[in-house]
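Add chain B to chain A, keeping to what the hints say.
Residue numbers (numbering that gives the first Met the number 0), protein chains in the order written: chain A, 0 to 264; chain B, 0 to 264.
The hints are simulated quantities; they were obtained by calculation from the structure and are not laboratory data. Just so it is clear, the structure is predicted and the values come from calculations on it, not from any experiment. Be aware that one or more of the hints could be misleading.
Since the list gives no way to pick one copy over another, a pair counts as held whenever it fits inside one copy or between any two copies.
Here are the simulated lysine-lysine pairs, BS3-like style, with alpha carbons at most 30 Å apart [what the hints assert, rightly or not]: (1) 186 / 76; (2) 79 / 216; (3) 53 / 107; (4) 76 / 216; (5) 76 / 53; (6) 168 / 182; (7) 79 / 264; (8) 192 / 76; (9) 191 / 168; (10) 79 / 156; (11) 130 / 264; (12) 53 / 79; (13) 221 / 182.
Protein chains: 2
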Amino acid sequence: MKELVFVGLGLNDEKGITAKGLDETRTADAVFMENYTSCMPDFSLERFEALCGKRVQLITRRDLEEEGGIVILQAAKVGKTVFLVPGDPFIATTHVALRIDAEKQGIKTRVVHGISIMSAIVSLSGLHNYKFGKTVTVPFPDNFSETPYNVIGQNKKLGLHTLCLLDLKVTENQYLSINQAIKLLQKVEENKKMGIITPDTVAVGIARAGANNPILKADYIKSLVNFDFGEPPFSLIIPGDLHFMEVDTLIAFAGAPEDFRRLVK
Amino acid sequence: MKELVFVGLGLNDEKGITAKGLDETRTADAVFMENYTSCMPDFSLERFEALCGKRVQLITRRDLEEEGGIVILQAAKVGKTVFLVPGDPFIATTHVALRIDAEKQGIKTRVVHGISIMSAIVSLSGLHNYKFGKTVTVPFPDNFSETPYNVIGQNKKLGLHTLCLLDLKVTENQYLSINQAIKLLQKVEENKKMGIITPDTVAVGIARAGANNPILKADYIKSLVNFDFGEPPFSLIIPGDLHFMEVDTLIAFAGAPEDFRRLVK
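For reference, chain A alone in the conformation it holds in the complex (with noise of 0.2 Å):
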């Protein structure tokens, strides 16, 4: 069958595939993955490629952008081509493009969907997840943007919480901070005094979504500002309204201050 799978690897290690996207890649005649996007911090090609009983074939940011995945299409031409992206193959618009042109040129395409950390973080938060409103990614200081700071201030003037994404550059090996976060937008509160991020902000910290040792750490940003959260990937969640059922989710598993109790609304 000459088709373009696209399967998402989902979080963290060889085992957050699903058991069809397992299968997908066991059946394929040839496989591709790009571990560019994301960082998967317990991965391993070696025992990946032994679970599924395939050679990987890592492909570049350069390959897909540059050379716009000509080597998947090729393949995709002769046989079953599976596609290994981190996380959900589309969550992120990275690769609509590749599958666009596979559809241009008479290539079928198929999504088998991985976990997302959009909806791993808001299952380990406890927050409800109907009360999330826009989600902002905080970029590295030299791309500094106000457009977090905003995208805050408005949910939470609608009462919702705000899911921030923190920028990463996986090859390089660089994470922002949830404290390097935490910072930068208490820079932006320095100039626009608006109140959206003062001392007493709660924040919950989430490092390593989707690990067996995930860190999850709600506390007022004076307090979360120092907490190490170890090893990345890390996301920061600013709260909106809390109901009681969240507050009683973050003190008991996000290490919260029993005085969260005051902020039910």
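Positioned in the frame of chain A, the structure of chain B alone reads:
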């Protein structure tokens, strides 16, 4: 090892679980599962038991809500216990109370994530993840509410997309259809006349996300209301402002009419 591991089953069928989740199930002393919070249309308990090599005990809503999940807690006090949940175990907050009770009784708990409908739908739609606002559930007509209409309006004002989950009663095999959901929104429009849901409003209907044959259709409300989406489960997205890449993807993979191009902002 005495512990309670919450494992996500992911979407659609018995192979939506991760390799990690399957390992946890294979090494458990007791395995429980609930199948009333979400619909997994192609799931076979028999095939799943063959896959994991364990007997799986089905848990009802009554077991959890009236009995407090005591049968699960008792098993977790004597051995490794896995509780299987459709999708991700904690994207809905249904099972948070059980986890809190377990920890209070000195039972260690862990989470193995599963693919959530939340991320699969965003991924399938090709719409940009960071442009989604608050999510909302459209209830059955006997629970009529203006909330979904208001949330869509609030998101649109900010240029944001709205993911509408459609209500379901799995045990009674009742699913709000995409067509019914649109009609409910139209009914609110008739009363409120705010121009949020007009015949030319754009919408994306999705049936069976996570299955091998998901149906994805983007069109104007006036056409979509008559589209046959087949079997459940269903979801609906009402987009806000559209980027040209989003329109490209809707045309390529959701059968959107070519004149969607005029909508690009």
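### residue 168 and residue 182: within-copy, between-copy, both or neither at 30 Å Cα
So residue 168 and residue 182 pass the 30 Å test inside one copy only (19 Å; across, 46 Å).
### Task
Can you give me the call for residue 76 and residue 53, within, between, both or neither, at a CA distance of at most 30 Å?
within (19 Å within a copy, 41 Å between copies)
#### Entry: 30 Å Cα threshold - placement of residue 216 relative to residue 79
between (44 Å within a copy, 26 Å between copies)
### Query
Using 30 Å as the alpha-carbon threshold, which applies to residue 53 and residue 107: within, between, both, or neither?
within (22 Å within a copy, 37 Å between copies)
### Query
When no copy is specified for residue 76 and residue 216, does a C-alpha distance of 30 Å or less occur within a copy, between copies, both, or neither?
between (48 Å within a copy, 27 Å between copies)
### Task
First find the shortest C-alpha distance between residue 79 and residue 156 inside one copy, then the shortest across copies, and answer within, between, both or neither for a cut-off of 30 Å.
neither (49 Å within a copy, 44 Å between copies)
### Task
Could you place residue 79 and residue 264 in one of the four classes (within, between, both, neither) given a Cα distance threshold of 30 Å?
neither (54 Å within a copy, 38 Å between copies)
### Query
Should residue 192 paired with residue 76 be assigned to within, between, both, or neither, using CA atoms and 30 Å as the limit?
Neither: 57 Å inside a copy, 52 Å across copies.
### Task
Tell me, please, which holds for residue 221 and residue 182 at an alpha-carbon limit of 30 Å: within, between, both or neither?
within (10 Å within a copy, 49 Å between copies)
### Task
Evaluate residue 53 and residue 79 at a C-alpha cut-off of 30 Å and name the case that applies: within, between, both or neither.
within (13 Å within a copy, 33 Å between copies)
### Query
Within a copy, between copies, both or neither: where do residue 191 and residue 168 come within 30 Å Cα-Cα?
within (29 Å within a copy, 48 Å between copies)
### Within, between, both or neither, where residue 130 and residue 264 count as close if Cα-Cα is 30 Å or less
both (13 Å within a copy, 27 Å between copies)
Against the hints set out earlier in the document, violations occur for numbers 1, 7, 8, 10.
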